[in-house]
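If you're matching them up, the sequences are chains B and D in order. The first sequence begins at 1 in full-length UniProt numbering and counts up one residue at a time. The second sequence begins at 1 in full-length UniProt numbering and counts up one residue at a time.
Keep in mind that the hints were calculated from the coordinates and are not lab data. Just so we're clear, the structure is a prediction, and the values are computed from it rather than from any experiment. A hint or two may mislead.
Given that identical chains are not distinguished, each listed pair holds provided it fits within a single copy or across any two copies.
To be verified - As a list, the in silico EDC-like pairs of lysine to aspartate or glutamate whose alpha-carbon atoms are at most 16 Å apart:
1. Lys7 x Glu71
2. Lys20 x Asp117
3. Lys9 x Asp73
4. Lys9 x Asp117
Protein chains: 2
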Amino acid sequence: MSAINLKEKLSLFNDQWTPKIIGELNGQHVKLAKLQGEFVWHDHINEDELFYVIKGQLIIELRDNTITLNEGDLYIVPRGVEHKPIAHEEVHIMLFEPAVIKHTGDVQHEITKEKLDWI
Amino acid sequence: MSAINLKEKLSLFNDQWTPKIIGELNGQHVKLAKLQGEFVWHDHINEDELFYVIKGQLIIELRDNTITLNEGDLYIVPRGVEHKPIAHEEVHIMLFEPAVIKHTGDVQHEITKEKLDWI
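Same shape as in the complex, but just chain B (with noise of 0.2 Å):
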C-alpha cells in the first residue's frame, strides 16, 4: 500500500451519492463521496457514522437539529439517530464507518446504493 491523496481519488469518479471506497482498517471503511441536493431520511441503528467535509459545505438535518459542515469540519452521527444529508452545491466528504453499514439503513430508495465500490 502506499499515500492515498484524498483530491486524487476524488479526480477518479464523478457519481454523485455513491460512496467510493479507499480504506480499511479494524472492521471500519474509509469512503469518499460526491453529494448534491437532498438525500433520505435515514438512520442506521448499530453504526455511528462519521462526515469530514473536503469541499464544500455539508448540511445534516436531524429531527431536532441542524448541523452545517463547512471544510475542514467532522460530525459524527450517532447510531440510531436520523439524519437527511443536503449539499445545496456539490460537497466533497470522506466517511468513516463499519464496513457493514447500509448505504441508507433501513431505508430502501431510488438513490440506495447495495455494494459500493473500490477506488
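Following the hints, position chain D against chain B.
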C-alpha cells in the same frame, strides 16, 4: 454535539507526540496530534492505525519501505507492522484507531503516554 473544526481543535494545544481525542465512534477514536522529530519504532498487534496529514509532511518508516505523506494524504498501518513516524518540521495529523490502542504499542519509552485527553 456540534460540528468539530479540525483547525480550531488544533489551536487548543501545542504539546507534541500527545494525541488528543476529538471523537469516538464504533469503538474507535478520532485524534489530533502535532508531531516533530522522530518517534520510536513500535507496532500494534491487534490494531490498524490510520494517519491523515492536515498540515505539513509526515514520513512513516516501515522496515521495508518509507511512506511520505503530504497534506491531504492518508495511510493505514496494518496491525503488527512495525513503524516509526518522523516529521522534520511540525506536522499536524488526524488519527483514526481503536479506542483501546496503546500509544507506543508494547514499547515503553519516555514519550509514551498512558492516557490521552479529550479536547
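Each hint tested on the structure:
1. For the homomeric pair Lys7 and Glu71, the shortest alpha-carbon distances inside one copy (13 Å) and between copies (10 Å) are both at most 16 Å.
2. In this assembly of identical chains, the alpha carbons of Lys20 and Asp117 lie at most 16 Å apart only when taken from the same copy (5 Å versus 33 Å across copies).
3. Taking the closest pair of Cα atoms, Lys9 and Asp73 come within 16 Å of each other only across two copies (10 Å); inside a single copy the shortest separation is 20 Å, beyond that limit.
4. With identical chains, the CA atoms of Lys9 and Asp117 are at most 16 Å apart within one copy only, with a shortest distance of 13 Å there and 33 Å across copies.
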